[in-house]
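Using the hints provided, position chain Z relative to the given structure of chain R.
Chains as they are written, first to last, in this note's numbering: chain R, 1 to 478; chain Z, 1001 to 1491.
Fair warning: there could be bad hints in the mix.
[Stated by the list, open to error] Straight line, CA to CA, 25 angstroms or less: simulated SDA-like cross-link-like pairs of lysine to any residue: (1) Z:Lys1357 x Z:Thr1373; (2) R:Lys153 x R:Leu200; (3) Z:Lys1357 x R:Gln427; (4) R:Lys153 x R:Trp222; (5) R:Lys183 x R:Phe167; (6) Z:Lys1357 x R:Gln426.
[Claimed, not checked] Pair by pair, the computed Cβ-Cβ distance ranges are: (7) Z:Tyr1162 x R:Ala344: 36 to 42 angstroms; (8) R:Asn31 x Z:Ser1105: 56 to 62 angstroms; (9) R:Ser56 x Z:Tyr1162: 57 to 63 angstroms.
What the hints contain is simulated information worked out from the structure, not anything from laboratory work.
Predicted model, so just to flag it, every value in this text is computed and none were measured.
Beta carbons: idealized from backbone N, C-alpha and C, even for Gly.
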Amino acid sequence: MDAIRLISLSPLLIVAATSVAVLLAIAIRRNHAVAFGLTLAGLAASFCSTFFTPPSQVTQLLLIDRYALFFMGLLTAASFSITLSAYGYLAAREGNKEEFYVLLLVATLGAMALAASGHFASLFLGIEILSVALYGLIAYLRERPLPLEAGIKYLVLAGSSSAFLAFGIALVYADLGALDFAKVAQLLAAQRSMNLELLLPGTVLILTGIGFKLALAPFHMWTPDVYEGAPTPVTAFVATVSKGGMFALLLRYFSQSGANRFPRLLLVLSIIAIASMLAGNLLALFSSNVKRILAYSSIAHMGYLLVALEASSRLGTNAVAFYLVAYFAMTLGAFGVVTVLSSAQRDADQLDDYRGLFWRRPVLALVFTAMLLSLAGIPLTAGFLAKFYIVAAGVASQAWLLILILVITSTIGLFYYLRVVTALYQQPVSDVQVPEPLPRRAPGLSLVLAVLTVLLVWFGVYPTPLLRMIQSAISSIL
Amino acid sequence: MILVWLLVVLLGGGVLAGLFARLHPLLSRSIALVAVIVDLVLALILAVCDFGAAHAVGSRWLEEVNWSWIPQSGIQFHLGLDGLSLLLVLLTLFLGMVAVLISWSDITTAVGFYHFHLLLILGGILGVLLSLDLFLFYFSWELMLVPMYFLISIWGRERRTYAAIQFFLFTQLSGLLMLIAILALYFAHHQATGIYTFEYQDLLGTQLSPHMAMWIMLGFFAAFAVKLPVFPFHTWLPDACAEASTATNLVLTSLMAATAAYAMVRFLLPLFPDAARAIAPVIIVLAIIGILYSAVLAFSQTDLMRLIAYASIGHLGFVLLGIFSGSPLALQGAVMTVLAHGVSIGALFLIAGALEKRLHSREIETMGGLWDTMPRLGGVALFFALAALGLPGLGDFIGEFLILIGTYQVHIAAAAVAACGVLAATFYALRFVQYAFQGSNLHSWRLPDLNLREATVLGALMIALLWLGLYPQPVFRTLAQTASHAQAFWR
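So that you can see chain R by itself, here it is in the shape it has in the complex (with noise of 0.2 angstroms):
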């Protein structure tokens, strides 16, 4: 391997880096500001890297294009906003803080291992790093009966998501003797030595896998329990930076490979696809708790990206591509606003927690109320064009039943993103018992809300340098 390659690994290197430092910090003396501040600072440099490092591919596992860079910065980008919020939320908790921060470095870099990864090895290795990490970042607070329910829910499910994941991938091998992408385009192109009796099965089944870490519908059981459950920041980081670097492997995996020239596939996706936004929309609609609603919502939001995902044209990555920037920005200003109403014993996971907060706090309910437009689609924001996106990506494909699906599923979701709302702007009753926010600890997590604000409505409003972005990035793999 020579100098080019290891400085073209660079944003993976240094995330790694960084939590061996940590680790070794809190081996020197224990102190939560230190194992903060080196994580942020080795986030930051992380994200900074990707716009300096070279593209190149890394032996046969690891591709360093452009597409993988731009997700990479997309994902410490997130991991930071979330180290952020943490820290205050940590600080008012029991028991060791530091090594959340070790776990959040792991999953990242599972995570932007996925965003990278050209192979089956690297997609099965950068799947368990993140599991792994998951696991005990979720039932962090071990002491508390919720997270530790959702910490074995998750690990139990997760896990054998990923035998279903490993069968999978050994069917497709038995067929087709490649773990390459590239080779397995090449291979199905060819449409030589193809065993439908082994590879149809080996397709499902690993889709059977990518389906349980993004909660697609019918393997989503699993998501409201882990984000009512988990942690709030950790909440985040499982709707956003898991869920991402996860899509981000689909999609290539999708446009590389060829898949869409299946249509048994593409049906299978489709019957997901639909399951996922009727289930979402419809069960978040039964529901008062916001972590539960918001769990609900992302599997909708899965569902809709999936829409895109079929249409498989350059106008459906774009649409990918721009989705997924928005959804982390969307989510995690809004589990970052559950994060500040969080009081030291339970989480604001309650609709009463919200009812009224305009008259308390008007800055952090207008922030909110942002937050779940956008996650409705409504212009000035973000949400609006991601949601536009998806639909003309779906109209120029011609799948109107897909797309009729998506209209009339997001039409029923307003309906509750617009509960939350009505509820942050009733008058306040006076009897209702609201809990004590934390002291404010950290104001990086009111910067984070602010910075994400002005990306919502800037990426609302004139998208056009990320547009630009997301163009250079996705020409990589198409």
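Here is chain Z on its own, set in the frame of chain R:
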């Protein structure tokens, strides 16, 4: 460039009004009022100066702005103003000023937030009226919804949440159908020419199969029909009007309806002339059902706000009839009715609001004999009730008369049945005056008459309506060019 200023002043004023409310609510109200008045003056300058100039050049648009916005998707920031949009911009800003003035004492909570939303809606409406890029049009169209949702759900009455959510779901679902239609048109145009564009002028001549054109047209129609509203998509309007505050009702009926009517004339007819012609008989039937049905319902309402809401639906039935009758005369009448309806229905909402503030009730059954105690309000109410029933000399008469004449040339039966609607309007309008102001004062009301601010606002509305009714020529002259364009598409 002045078009951009129109938007900037409104949106900037909204933001400032929102920010400065912390210092003093009065500051916020004044900023909002100043912003709307400045915009109104700008629009009047446009009306006076540009009109002669543009005709000399012979350009389609009196004013135009075309900036690059999202070039990757062929999206331009393209604004244009012609006679039709100029009239409706003037209406919007005039009624916007009225809305700010009548909120002066009505709105006491979260004043800054209120004015921010009010001006944002007005900005959205201007965006709809000015955009010549279908993406920008959709963007502005959707932009109106959220602030309107807030206006209903925060400053409304008891069942406001229900009404607000119903409003939002209706308009959002129909808006998304229009989005699909816009995109279908966009890709159809790309297939035909290889160019991705949302530009109105380019999309005008897009070749579409009749089948495709019909579906796309229906997508557009869904959005406009809900917003106008057209029977049977009208059910959200009475609920919303019963729960929203007075100024909100003014914007909701007078201005949102104007955008829907405008969008039909500007986009639906020129983009899909054949499909529109094919479906016109069905829409004319819907319009006539709407006129008669709303008259019957208005007659049986006891809630004043609901009564006015149904009266508004009736007038808008005429507008729909005028647009789809295919006669240029009726089309001019439709625009006239939009203007006059905006003023007269808006004024009726003001009167209802004034009554409610004094009586704490909107049930006309609790009223009676109010003329004795509030002669000025009674006189004004009679004036606008007569306007609503189509008394000659007032704006509504001109509009509906032209619509009926125009329709008569094309569909005699339709004109005859619609004329019954004018008759029916007499019943509910007079019933309102009769119950509220005449008769004996059973409840011994002793109430203050109109104050100076209310009297000024209502006086201005009366003058506007009289002007429209007695000297409508400037309106028709302004419309002449638009009407001739529309005619070209129908033939």
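Cross-check of the supplied hints:
1. Z:Lys1357 x Z:Thr1373: 15 angstroms, holds
2. R:Lys153 x R:Leu200: Judged against 25 angstroms, a Cα distance of about 29 angstroms means the pair is violated.
3. Z:Lys1357 x R:Gln427: Since the Cα atoms of lysine 1357 of chain Z and glutamine 427 of chain R sit roughly 21 angstroms apart, the hinted pair holds (cutoff 25 angstroms).
4. R:Lys153 x R:Trp222: 7 angstroms, holds
5. R:Lys183 x R:Phe167: Holds - the C-alpha atoms of phenylalanine 167 of chain R and lysine 183 of chain R are around 19 angstroms apart, at most 25 angstroms.
6. Z:Lys1357 x R:Gln426: 23 angstroms, holds
7. Z:Tyr1162 x R:Ala344: 36 to 42 angstroms: 37 angstroms, holds
8. R:Asn31 x Z:Ser1105: 56 to 62 angstroms: For serine 1105 of chain Z against asparagine 31 of chain R, whose Cβ atoms are near 59 angstroms apart, the range 56 to 62 angstroms holds.
9. R:Ser56 x Z:Tyr1162: 57 to 63 angstroms: 59 angstroms, holds
Checked against the numbered hints listed earlier, the structure breaks hint 2 alone; every other hint is satisfied.
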